[in-house]
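Protein chains: 2
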Amino acid sequence: MLREDVKNTLIKVVGAERYLDRIEELACYGYDSYLEESLPEAVIFPLSTEEVAAILPIAGKHKIPVTARGAGTSVCGAPIPIQKGIVLCFSKMNRVLELNTQDRYAVVEPGVVNGDLQKNLTPLGFFYPPDPGSINISTIGGNVALNAGGPRCLKYGVTMDYVLGMEVVLPSGKVVNLGSKNIKDVTGYKLSALFCGSEGTLGIITKIILRVVPLPETARTIMVSFGNLDNSAQAVSDIIGSGILPVAMELMDKVTISEIEDTLKLGLDTEAEGTLLIEVDGMAETCEREMARIKEKVKEHGAVSLTEAATADDRENLWKARRFAYPVFAKIGPDIITEDVTVPVSQVPSMVRKIREILNKYKVMAGILAHAGDGNMHPLIPVDRSNPEEMAKVHRAIGEIFQAAIPLEGTLSGEHGIGLAKSEYLPLVMDENTREFMTVIKRAVDPDNILNPGKFV
Amino acid sequence: MLREDVKNTLIKVVGAERYLDRIEELACYGYDSYLEESLPEAVIFPLSTEEVAAILPIAGKHKIPVTARGAGTSVCGAPIPIQKGIVLCFSKMNRVLELNTQDRYAVVEPGVVNGDLQKNLTPLGFFYPPDPGSINISTIGGNVALNAGGPRCLKYGVTMDYVLGMEVVLPSGKVVNLGSKNIKDVTGYKLSALFCGSEGTLGIITKIILRVVPLPETARTIMVSFGNLDNSAQAVSDIIGSGILPVAMELMDKVTISEIEDTLKLGLDTEAEGTLLIEVDGMAETCEREMARIKEKVKEHGAVSLTEAATADDRENLWKARRFAYPVFAKIGPDIITEDVTVPVSQVPSMVRKIREILNKYKVMAGILAHAGDGNMHPLIPVDRSNPEEMAKVHRAIGEIFQAAIPLEGTLSGEHGIGLAKSEYLPLVMDENTREFMTVIKRAVDPDNILNPGKFV
Chain P
0 MLREDVKNTL
10 IKVVGAERYL
20 DRIEELACYG
30 YDSYLEESLP
40 EAVIFPLSTE
50 EVAAILPIAG
60 KHKIPVTARG
70 AGTSVCGAPI
80 PIQKGIVLCF
90 SKMNRVLELN
100 TQDRYAVVEP
110 GVVNGDLQKN
120 LTPLGFFYPP
130 DPGSINISTI
140 GGNVALNAGG
150 PRCLKYGVTM
160 DYVLGMEVVL
170 PSGKVVNLGS
180 KNIKDVTGYK
190 LSALFCGSEG
200 TLGIITKIIL
210 RVVPLPETAR
220 TIMVSFGNLD
230 NSAQAVSDII
240 GSGILPVAME
250 LMDKVTISEI
260 EDTLKLGLDT
270 EAEGTLLIEV
280 DGMAETCERE
290 MARIKEKVKE
300 HGAVSLTEAA
310 TADDRENLWK
320 ARRFAYPVFA
330 KIGPDIITED
340 VTVPVSQVPS
350 MVRKIREILN
360 KYKVMAGILA
370 HAGDGNMHPL
380 IPVDRSNPEE
390 MAKVHRAIGE
400 IFQAAIPLEG
410 TLSGEHGIGL
420 AKSEYLPLVM
430 DENTREFMTV
440 IKRAVDPDNI
450 LNPGKFV
Chain B
0 MLREDVKNTL
10 IKVVGAERYL
20 DRIEELACYG
30 YDSYLEESLP
40 EAVIFPLSTE
50 EVAAILPIAG
60 KHKIPVTARG
70 AGTSVCGAPI
80 PIQKGIVLCF
90 SKMNRVLELN
100 TQDRYAVVEP
110 GVVNGDLQKN
120 LTPLGFFYPP
130 DPGSINISTI
140 GGNVALNAGG
150 PRCLKYGVTM
160 DYVLGMEVVL
170 PSGKVVNLGS
180 KNIKDVTGYK
190 LSALFCGSEG
200 TLGIITKIIL
210 RVVPLPETAR
220 TIMVSFGNLD
230 NSAQAVSDII
240 GSGILPVAME
250 LMDKVTISEI
260 EDTLKLGLDT
270 EAEGTLLIEV
280 DGMAETCERE
290 MARIKEKVKE
300 HGAVSLTEAA
310 TADDRENLWK
320 ARRFAYPVFA
330 KIGPDIITED
340 VTVPVSQVPS
350 MVRKIREILN
360 KYKVMAGILA
370 HAGDGNMHPL
380 IPVDRSNPEE
390 MAKVHRAIGE
400 IFQAAIPLEG
410 TLSGEHGIGL
420 AKSEYLPLVM
430 DENTREFMTV
440 IKRAVDPDNI
450 LNPGKFV
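Chains P and B supply the protein sequences, listed in that same order. Going by numbering that gives the first Met the number 0, the residue at position 369 of the first sequence is 368; the numbering climbs one at a time, nothing skipped. Going by numbering that gives the first Met the number 0, the residue at position 297 of the second sequence is 296; the numbering climbs one at a time, nothing skipped.
Just so you know, the hints here were simulated from the structure itself, not pulled from any lab data. Don't take each hint at face value.
The list treats identical chains as interchangeable, and a pair is accepted whether it falls inside one copy or across any two copies.
Stated by the list, open to error - Mimicking DSSO-like on lysine-lysine, the simulated pairs with C-alpha atoms at most 30 Å apart in a straight line are:
1. Lys60 with Lys360
2. Lys319 with Lys6
3. Lys91 with Lys298
4. Lys83 with Lys294
5. Lys91 with Lys253
6. Lys206 with Lys91
7. Lys173 with Lys154
8. Lys91 with Lys362
9. Lys392 with Lys11
10. Lys392 with Lys294
11. Lys362 with Lys294
12. Lys118 with Lys154
13. Lys206 with Lys253
14. Lys206 with Lys298
15. Lys294 with Lys11
16. Lys294 with Lys154
17. Lys294 with Lys91
18. Lys154 with Lys206
19. Lys6 with Lys330
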């Protein structure tokens with residue numbers, strides 16, 4: 000609980016109905032989709048930039064931590080208020096302020112759900128490419144703060160590639176406007192990029208200008224099975240190396256496919272050691288030719304069966320397996336760790352082998368799921384966090400997976416972020432000077448360390 | 000001239016042959032393609048990161064300004080050492096360190112010429128998309144420091160979109176490694192983005208990891224004339240608004256075409272008030288269909304003639320007019336100002352009208368050249384800098400052009416940067432808080448203000 004006088008000052012800004020501090024209310028805002036929990040002392044729902052600009056100096060004056068929150072779908076613990084204080088929850092600041100397809104941008108408040116933005120854009124013939132697994136729940140503010148990815152980022156790029164500008168409230172309460180609605184703009188430092196992936200540690204994003212793009216004319220989707228996991232990974236590496244750029248190229252191993260089939264009964268090939276879901280999009284003729292080349296490639300790599308979507312429903316069904324991987328493994332649980340190791344695509348076969356070896360060595364049951372086309376792998380590890388022995392074993396396995404990625408020039412996270420999950424591993428991929436440089440930036444922008452303290456910086 | 004003891008310390012680092020300080024030598028390093036000049040006190044040609052890391056603390060200790068320089072093709076004065084000191088010229092640190100088309104990246108030293116990188120990539124079936132006008136002279140280090148654009152950035156994006164990572168020497172001499180070879184990487188702040196467009200004010204870039212992409216299968220190019228400038232601008236806005244994304248869509252007005260034709264005798268339509276050069280690329284069928292739609296659109300907007308390139312030579316010829324615009328106007332000179340105002344594409348017709356009105360009002364002779372598809376306009380203004388009256392008049396006209404861009408939500412620079420040319424106009428597009436925020440970052444990273452001082456921050 001915050002001090003009564005501080006509470007009253009904050010209530011003066013937002014009103015009592017948007018200030019929560021009863022324990023049963025706070026309980027909903029102390030966790031995300033990672034394993035830890037830490038209750039805040041208060042949850043505030045801002046409705047405007049002005050409110051945020053009024054709140055931060057109050058927090059600063061009393062050295063109260065402030066952690067921004069979207070929908071809490073982060074899997075790395077980024078929005079967990081580990082040093083308590085205030086959670087600023089943006090779920091009510093969720094207006095789409097402007098859609099301009101002529102100039103190809105959208106202006107949104109941070110609480111807009113990614114999927115809701117898509118629903119606004121579809122009738123206009125446009126879309127916003129980044130599609131994290133949480134697309135129907137997670138907010139644009141959270142997507143930007145974590146620099147979210149997703150399957151189709153293989154072709155289209157990640158969140159940062161679509162951020163043209165933003166309005167940010169700095170810890171001082173000062174409001175800055177970074178970037179503009181212009182696709183090309185080189186007036187001064189690219190400071191909006193600094194906030195992409197900053198995990199709420201530098202400022203509070205209150206408005207975002209996003210680039211949007213026309214919907215492709217059509218798409219084609221296939222699912223391919225391989226008798227050997229290595230072959231499926233080699234096919235991915237070869238397709239990318241040959242110059243084709245599918246929208247998505249998702250790899251699932253036998254464990255993943257078996258668990259999904261057990262739950263969903265989709266008729267998947269549970270004998271396959273490796274399964275690829277591959278999609279291309281664009282003009283019909285382009286899709287035709289690209290898909291023909293992809294089919295040649297997967298055959299060269301020993302594909303044993305191939306299912307092609309003939310209709311939109313078929314396509315939806317093929318994607319269903321991939322989309323349900325996370326909930327299926329979460330259900331095995333009781334808890335789940337979704338890892339996020341990334342390597343250059345030529346190293347995907349080696350890394351997949353390594354991950355499987357390490358999981359076997361530690362007798363950790365896990366599925367391997369990957370946005371394989373960009374080398375981004377997600378081992379899905381059901382765990383019981385109340386079992387310290389199991390947790391210690393999984394922890395060692397994960398550490399070893401990261402260690403294995405380093406000689407392959409890989410990195411700790413392709414799209415999930417650092418949060419609480421990976422701070423300890425940061426030195427594996429970032430030398431001391433570079434970590435210190437992050438701290439220099441953090442101190443300059445947030446000298447009192449009130450924004451999301453206790454995280455990676 | 001630097002103090003003798005400082006000079007000797009610096010020569011100990013790089014040797015006497017890579018340290019210049021005779022006036023006739025310095026004269027070559029005090030200007031770029033903007034109008035001002037300021038001689039440095041010494042020019043040093045580093046060959047390695049270690050040398051740069053040794054030089055910066057020496058400069059810091061003696062508070063000597065350090066300005067990085069590539070090929071000096073900047074048109075905004077960014078590499079002009081306005082407060083003298085040391086110019087670090089990267090022309091000798093120009094090795095392509097790694098080309099990996101399988102994983103789609105290149106690692107280069109900052110002095111690699113953009114065009115030389117292209118020559119290395121072409122035989123491998125790849126290219127690096129950003130193509131500033133200076134492509135055959137300018138260096139990747141300079142391109143990154145200025146976040147350079149170019150005609151094909153309409154489809155492919157600007158320099159920053161291709162920077163995966165970099166090695167930077169901070170003013171302290173500490174070396175930091177930002178980003179990685181992984182296409183997706185969200186481990187910590189996106190600090191490499193901070194250096195894109197920072198114009199040498201934050202650190203010295205000593206190595207760059209660039210994303211490279213497969214060459215398109217084919218391209219198709221047309222040149223279209225309009226009897227009315229407004230119609231040509233409307234056609235651009237309409238093509239983009241309809242969802243087509245050409246590689247390039249270049250607009251030239253009558254003054255530009257006439258001057259080019261006078262010099263080059265290419266058989267251009269000098270009666271046309273507006274001329275568009277439009278190119279699409281990709282698979283043959285896609286190009287065919289996109290070009291068919293583009294032709295419909297330009298006809299709807301009253302195109303009076305259309306020339307289509309049938310061969311690679313034809314295509315080269317169509318581009319020749321566009322490429323020679325700058326040298327043709329520079330020759331009219333004796334000097335030239337290349338402006339760089341940008342607006343959202345729907346505002347291109349209004350902005351083109353405004354620019355022409357303002358040029359007429361001040362009786363300034365200038366061509367209008369534009370990467371019109373992304374709203375990026377380059378008035379080419381031949382001037383005589385020794386004529387103060389003329390310069391004052393041109394200066395007023397330019398100020399008015401920027402003023403005109405603001406209500407259209409435009410900005411000062413799409414791809415040329417701020418440098419010396421535009422600092423005074425920065426408040427037009429950036430509020431005080433945001434400018435102050437740039438200063439906060441600058442002070443944190445370069446507390447002694449030794450890197451390229453006297454510029455926009």
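Given a CA cutoff of 30 Å, do Lys294 and Lys91 count as a within-copy pair, a between-copy pair, both, or neither?
Result: close neither inside a copy nor across copies, 47 Å intra and 47 Å inter.
At 30 Å max between alpha carbons, let me know whether Lys118 reaches Lys154 within a copy, between copies, both or neither.
both (21 Å within a copy, 25 Å between copies)
Measure nothing new, just compare the shortest in-copy and cross-copy C-alpha distances for Lys294 and Lys11 to 30 Å and report within, between, both or neither.
neither (63 Å within a copy, 60 Å between copies)
Checking Lys154 and Lys206: alpha-carbon separation at most 30 Å within a copy, between copies, both or neither?
For Lys154 and Lys206, the Cα distance is within 30 Å both inside one copy (26 Å) and across copies (26 Å).
Copy assignment of Lys206 with Lys298, given that the CA separation must stay at most 30 Å:
neither (48 Å within a copy, 40 Å between copies)
Is the C-alpha distance from Lys91 to Lys298 at most 30 Å within one copy, between copies, in both cases, or in neither?
neither (50 Å within a copy, 48 Å between copies)
Is it within a copy, between copies, both, or neither that the alpha carbon of Lys91 lies no farther than 30 Å from that of Lys362?
Cα proximity of Lys91 and Lys362: none, with 44 Å in one copy and 54 Å across.
Have a look at Lys83 and Lys294 and pick one of within, between, both or neither, based on CA distance no larger than 30 Å.
neither (53 Å within a copy, 61 Å between copies)
Tell me, please, which holds for Lys173 and Lys154 at an alpha-carbon limit of 30 Å: within, between, both or neither?
This pair counts as neither: shortest intra-copy Cα distance 37 Å, inter-copy 36 Å.
Treating 30 Å as the Cα threshold, decide for Lys6 and Lys330: within, between, both or neither.
Neither, since 39 Å and 69 Å both go past 30 Å.
When Cα atoms must be at most 30 Å apart, do Lys392 and Lys294 count as within-copy, between-copy, both, or neither?
Result: close neither inside a copy nor across copies, 40 Å intra and 64 Å inter.
Since the copies are identical, ignore which copy is meant and state whether Lys91 and Lys253 lie within 30 Å (CA to CA) inside a copy, between copies, both or neither.
neither (42 Å within a copy, 53 Å between copies)
The earlier numbered hints that this structure contradicts are 1, 2, 3, 4, 5, 7, 8, 9, 10, 11, 13, 14, 15, 17, 19.
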